[in-house]
Amino acid sequence: MLRMLFGVALACVSLPALADKGVVVKEDVCGSGNAIIETTDGWYVAAEHFSGVYLYEGDVVYGKLKTYGTEELTRSDGQSGRFYIENWVSEIGEAFEELCN
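Per mature numbering (1 follows the signal peptide of the UniProt record, and there is no 0), the sequence shown runs over residues -19 to -1, 1 to 82.
Bear in mind the hints are in silico, worked out from the structure with no lab data behind them. Possibly wrong hints are sitting among the right ones.
Keeping only pairs whose Cα atoms sit at most 20 Å apart, straight-line, the calculated EDC-like set for lysine to aspartate or glutamate is [unchecked claim]:
id, residue 1, residue 2
1, K2, D40
2, K47, E8
3, K45, D58
4, K7, E72
5, K7, D40
6, K2, E38
7, K45, D1
8, K7, E53
9, K7, D22
10, K7, D58
11, K47, E72
12, K45, E8
13, K47, E19
14, K47, E75
15, K2, E53
16, K7, E19
17, K45, D22
18, K7, E67
19, K2, E19
20, K2, E52
21, K47, E29
22, K2, E72
23, K45, E67
Full structure from sequences and hints, please.
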């Protein structure tokens, strides 16, 4: 029983380590609450807001950022929202194009 509890506790602590981390560098891009997030390894993520919390410049966010499709992104305060990841690119201008075209 103790081993099982330890395993569950370890899994709960490890889950945030599996998520990407980023900082919102542009908010409300072309309206509708869209955001551009810069990941810790230098990619720019074009995130289209679907529901839940809005992201603001300076917010630290966690989630599966370098992917495509609908993902739940969580701010450092624990609040989350659903976003459609349009693309993740090396230039911020490309991220703007993804959200504004």
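How the hints compare with the structure:
1. K2 to D40: holds (11 Å)
2. K47 to E8: holds (18 Å)
3. K45 to D58: holds (17 Å)
4. K7 to E72: Judged against 20 Å, a Cα distance of about 13 Å means the pair holds.
5. K7 to D40: Holds. K7 to D40 sits at ~10 Å (cutoff 20 Å).
6. K2 to E38: holds (14 Å)
7. K45 to D1: holds (6 Å)
8. K7 to E53: holds (18 Å)
9. K7 to D22: Within the cut-off at roughly 17 Å; holds.
10. K7 to D58: holds (19 Å)
11. K47 to E72: Holds: K47 and E72 sit about 14 Å apart, inside 20 Å.
12. K45 to E8: Holds, because 19 Å separates the two Cα atoms, which is no more than 20 Å.
13. K47 to E19: holds (11 Å)
14. K47 to E75: holds (15 Å)
15. K2 to E53: Cα-Cα ~13 Å, so holds.
16. K7 to E19: holds (9 Å)
17. K45 to D22: holds (13 Å)
18. K7 to E67: holds (15 Å)
19. K2 to E19: Holds, at roughly 9 Å.
20. K2 to E52: holds (13 Å)
21. K47 to E29: holds (14 Å)
22. K2 to E72: Since the Cα atoms of K2 and E72 sit roughly 18 Å apart, the hinted pair holds (cutoff 20 Å).
23. K45 to E67: Holds, at roughly 13 Å.
Of the numbered hints given earlier, the model fails none.
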